[in-house]
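Protein sequence lines, in the order shown, are assigned to chains A and B.
Numbering of the first sequence is given in numbering that gives the first Met the number 0, commencing with residue 0 and proceeding in unit increments.
Numbering of the second sequence is given in numbering that gives the first Met the number 0, commencing with residue 0 and proceeding in unit increments.
Mixed in with the good hints there might be a few duds.
Said to hold, decoys possible - Output of the computed footprint for chain B on chain A, the stretches with three or more beta carbons under 8 Å from beta carbons of chain B:
id, segment
1, 43-56
2, 60-69
3, 76-90
4, 94-103
5, 368-381
Unchecked claim - Derived CB-CB ranges, DEER-like:
id, chain 1, residue 1, chain 2, residue 2, range
6, B, 140, A, 373, 39 to 45 Å
7, A, 222, B, 48, 40 to 46 Å
8, B, 140, A, 27, 33 to 39 Å
9, B, 15, A, 149, 22 to 28 Å
10, A, 309, B, 116, 52 to 58 Å
I should point out that these hints are in silico values taken from the structure, not numbers from a laboratory.
Using N, Cα and C, we set each Cβ at its ideal position, and we do this for glycine too.
Number of protein chains: 2
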Amino acid sequence: MALIVQKYGGTSVGSVERIQAVAERVQRAVNNGDSVVVVVSAMSGETNRLIGMAKEIQAEPTPRELDTLVATGEQVTIALLSMALQARGQDARSYTGAQVRILTDSTHTKARIQSIDTDTIRGDLDAGRVVVVAGFQGVDEHGQITTLGRGGSDTSAVALAAALKADECQIYTDVDGVYTTDPRVVPKARRLDRITFEEMLEMASLGSKVLQIRSVEFAGKYNVPLRVLSSFQDGPGTLITLEEDGVEEPVISGIAFHKDEAQLTIKGVPDSPGIAYKILGPIGEANIEVDMILQNIGADDTTDFTFTVHRNDFDKALDLMRKTADELGAREVSGNHNIVKISLVGVGMRSHAGIASKMFRVLAEEKINIRMIATSEIKISVVIDDKYLELAVRALHDAFELDTPEVSLS
Amino acid sequence: MALIVQKYGGTSVGSVERIQAVAERVQRAVNNGDSVVVVVSAMSGETNRLIGMAKEIQAEPTPRELDTLVATGEQVTIALLSMALQARGQDARSYTGAQVRILTDSTHTKARIQSIDTDTIRGDLDAGRVVVVAGFQGVDEHGQITTLGRGGSDTSAVALAAALKADECQIYTDVDGVYTTDPRVVPKARRLDRITFEEMLEMASLGSKVLQIRSVEFAGKYNVPLRVLSSFQDGPGTLITLEEDGVEEPVISGIAFHKDEAQLTIKGVPDSPGIAYKILGPIGEANIEVDMILQNIGADDTTDFTFTVHRNDFDKALDLMRKTADELGAREVSGNHNIVKISLVGVGMRSHAGIASKMFRVLAEEKINIRMIATSEIKISVVIDDKYLELAVRALHDAFELDTPEVSLS
Chain A
0 MALIVQKYGG
10 TSVGSVERIQ
20 AVAERVQRAV
30 NNGDSVVVVV
40 SAMSGETNRL
50 IGMAKEIQAE
60 PTPRELDTLV
70 ATGEQVTIAL
80 LSMALQARGQ
90 DARSYTGAQV
100 RILTDSTHTK
110 ARIQSIDTDT
120 IRGDLDAGRV
130 VVVAGFQGVD
140 EHGQITTLGR
150 GGSDTSAVAL
160 AAALKADECQ
170 IYTDVDGVYT
180 TDPRVVPKAR
190 RLDRITFEEM
200 LEMASLGSKV
210 LQIRSVEFAG
220 KYNVPLRVLS
230 SFQDGPGTLI
240 TLEEDGVEEP
250 VISGIAFHKD
260 EAQLTIKGVP
270 DSPGIAYKIL
280 GPIGEANIEV
290 DMILQNIGAD
300 DTTDFTFTVH
310 RNDFDKALDL
320 MRKTADELGA
330 REVSGNHNIV
340 KISLVGVGMR
350 SHAGIASKMF
360 RVLAEEKINI
370 RMIATSEIKI
380 SVVIDDKYLE
390 LAVRALHDAF
400 ELDTPEVSLS
Chain B
0 MALIVQKYGG
10 TSVGSVERIQ
20 AVAERVQRAV
30 NNGDSVVVVV
40 SAMSGETNRL
50 IGMAKEIQAE
60 PTPRELDTLV
70 ATGEQVTIAL
80 LSMALQARGQ
90 DARSYTGAQV
100 RILTDSTHTK
110 ARIQSIDTDT
120 IRGDLDAGRV
130 VVVAGFQGVD
140 EHGQITTLGR
150 GGSDTSAVAL
160 AAALKADECQ
170 IYTDVDGVYT
180 TDPRVVPKAR
190 RLDRITFEEM
200 LEMASLGSKV
210 LQIRSVEFAG
220 KYNVPLRVLS
230 SFQDGPGTLI
240 TLEEDGVEEP
250 VISGIAFHKD
260 EAQLTIKGVP
270 DSPGIAYKIL
280 GPIGEANIEV
290 DMILQNIGAD
300 DTTDFTFTVH
310 RNDFDKALDL
320 MRKTADELGA
330 REVSGNHNIV
340 KISLVGVGMR
350 SHAGIASKMF
360 RVLAEEKINI
370 RMIATSEIKI
380 SVVIDDKYLE
390 LAVRALHDAF
400 ELDTPEVSLS
C-alpha cells in the first residue's frame, strides 16, 4: 500500500483513446492497493495551438495572459482523465494548480514552486479517490495563474511527491527508461534498472532528454525516488535514486552525446587578468549560452581560449569574437560547427582510475582526433568531429561493456 | 465618464480577427472616457468541441469535471482579448470566475450566482485598466469551478453590472436590437429603441431569443439598464428599462411567436376536484414542460382540458394522455402538432381595452381560425395552424402599425 505520484506527458494524453489507456493504467495501480495522484500535461499539440493564437494577436504575448491562456491545456486534460476514471467506476477528482494551491513566485512563464497545500489531496486519497492534478501550473500569492516553463509538469509531479512524501514518483514517457546511450546510435544500448540522481543530471544535460533537469535536481534535493517508465508498454523502467553505500556502483553508467555544439577559438590573446571576462562578457550579454570552456597557455605570454556554444548561436558568436579579437589584439579567431561532444558518465568513476586513459585509447585506436577534453567528478567529455559520432559511441559502448550489467576495467 | 459592462458572445469572439474587432470596440469606449468591464463567452464552437470529447469518454460526464472542462473555453478568450487590448496599448487584465470570486452555489452545470467580490475589479478600473472577466463560470465556497448553464455569460454580465452598480450593461450579439417581430417573417419589422423588462421577458420566453430570460429577470430585479447591440455594426441597439411614469408607452411593443408547439386535448373528463392534477401529474413526472393550459366546461358535467407542449414531447405526451383518459373514463383524446403560438406583447395593454378584440378581428378577416386563447396582463396569445404563421404575424404587424413608432388603436 504505497503512495504513488504518476506523471503523464502530452503524448501520453494526446487523444481521447490515450486518456482512456492512462485511466486503465491508473486503475491498475489502485487495484494493486496503491494510492495514486496523477499529474498530467496538456494534450500534445494543444499548448502550441494556444500559443499560436496568442502570437497572431500579440507578437510577444503579455506573460500574465499567456499563463492564463496555456494553463487551460492541462485543465482540459485533468477533467477528461477524471471523467475516464469515473466512467470505469473509479472515483476521482481533478484540481488545477490554483485549486491545490501550488504556490509559486510571480515570474510568469517560468515560475518556481514555493509550497503546496496537500490537505485537500490527502482528504481525497483517504476517501479512496484518485487525485488528478494539472501539471506545469501554479498560482501566485495574488491568485494570478502562473506556469513553470517547458517540462514543468515533471517538476509539478516531483514537487507533489515531495510534499506528500510519496513512496515513488513515476514519470511516464514515450521511452521505457534511461539507456546506456541512444539506442538509435548503438542498437546494443541497454536499459538501466537504476541510475543515481547525479548521473541522471549529467545524462540529461548532455542530451539524454528523458527528464527535465530541474525535476531531477528537485527529486534529488528532496530524496524523492523517481522512476522513468513507458506509458505505451509495461516494464519496470529505470529508478533514479541517491547513491547507496554498500552497493557496487558500475564504473560507467552511460554515454551521453550532444550533437548541436559549435566550437570557437581565439588564439594569441595577451594573457592578463580578466581576459576570460573580456572574451565571454559580450557572449553572455548576447544571451548565448556557453557550454565547455578551455584556456591554454599559448606562445609568447599569450593565451589560447576555446569554448563551445549551441550550433544555432555559432554565427552570432563568431561575429562577436572577431570584434573582441580586434579590441584585444588577438592573433587569430577560428571556429568549427561540425563537432559533437561525447561524455562518459558514472558515479563509480570517482573511485576508479584509468577511465580517462581507457577512453582516449579507444578513440585513438579508431583514429579519432580529440579536439577538446573536459572532466568533472563523474563525467569525462571529449569534443570530436561530428562525422565520428556513431563510431566513437559504439566503440566506447563496446569497450566499457555497457551492454552487460557488469562492467570490467581491463 | 460612465462605468459600462460589455458582454460579447461566442460568435463575437469566434476568431482571432473578431477578438481584435472586439478590442477595437472596447478601446473606443475607453477613449470616450468610460470605464469598461468586458465579459466574454468561449469562442464559438469551443464549448461543443470540449463537450464532444467529454461524451466520447463518459456518456453522462461527471458534472463537476464537465464544469472544469468547459470553463477553459472562456479562460482562453479572456487571455486572448486582454492580449489584443495590450497589443493596442490599452492596459488590461483577465480574470476567471474564480479569480474575482463569482461565488455560486454548488449546483454544477447550472449554478446560481450568490455574490461577487468587486474589490480587485475596482482597483484595476481605478488604475485605468480594462477588466476582462470570463462569463458563464464561477466558483463555489469549496473552490470548485462551477458554470451557470447555457446563456450564463449574459447572467454573469448583468450580475457584474449589478455588483459594480454600472451605468449600463451592454449585451453584444449578432442582431442589432430587439425587433417588433422576427424580420425574416415581417420585413417591415422595426427595431425598438426601448422596451420594458416585463415586455422583454414575454418576448424572450415566446421565442425572441435575443437574451436569456434569467439575465433579463436579474437585470430587472437589480434595476440594471440593459442594452442589446450588434457586435458587427454600429448603432444604438435597444435599451431595456423599467417602465417609467410619464412616458407614453406604446400599446403593443412587439409580436412574438413560437413554432415548436403541439396541442393535446382530452374531452369529456368527469369534472371533479383535482382533475387538472390527475391529467398534468404524469406529464410533469415525465419531465415534459407544459406551456398553455385551458379548461372548458364540456357537456353533461364533464370538462374539456387542453394544453400545449414542445413539439418534441408530443408523442410521449399523447401516449401518457391515452393512459390517463382510460383511467379517468374520458371520452376522447386528440392532439395536433401543426400549430404555432402568436403573442402580442406590450405594457401599454394594461391601460387600453380593445386590443384582444382588434387582434381577433384581424385574424378573422384573414380567415384564420383561432384554436386557443390565453391572456396575461401584458400579453395576448393565440394558437393557430402553423401554415398561417407568416400571414397572421404580418397582418397583425400592419394592423397595429408596428412599423411606425406611434401606435394607433383605431
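Here is how each hint holds up against the structure:
Coverage of the segment 43-56 of chain A by chain B holds in this model, with 5 residues showing a Cβ closer than 8 Å to a Cβ of that chain against a need of three. Counting residues of the segment 60-69 of chain A whose CB lies closer than 8 Å to any CB of chain B gives 7, which reaches the minimum of 3, so the coverage claim holds. With a threshold of 8 Å between beta carbons, the proposed coverage of the segment 76-90 of chain A by chain B holds, since 8 of its residues qualify and at least three are required. Counting residues of the segment 94-103 of chain A whose beta carbon lies closer than 8 Å to any beta carbon of chain B gives 3, which meets the minimum of three for the stated coverage.
Interface restraint, the segment 368-381 of chain A with chain B: violated (0 residues with C-beta to C-beta distance below 8 Å; minimum three). A hinted range of 39 to 45 Å is violated for the C-beta pair residue 140 of chain B and residue 373 of chain A, which are about 58 Å apart. About 43 Å separates the C-beta atoms of residue 222 of chain A and residue 48 of chain B, a value consistent with the hinted range of 40 to 46 Å. In this structure, residue 140 of chain B and residue 27 of chain A meet the distance hint of 33 to 39 Å, their C-beta atoms being roughly 35 Å apart.
Judged by the Cβ atoms, the range 22 to 28 Å given for residue 15 of chain B and residue 149 of chain A holds: they are separated by roughly 24 Å. One distance hint, 52 to 58 Å for the beta-carbon pair residue 309 of chain A and residue 116 of chain B, is violated here, with the actual separation near 47 Å.
The earlier numbered hints that this structure contradicts are 5, 6 and 10.
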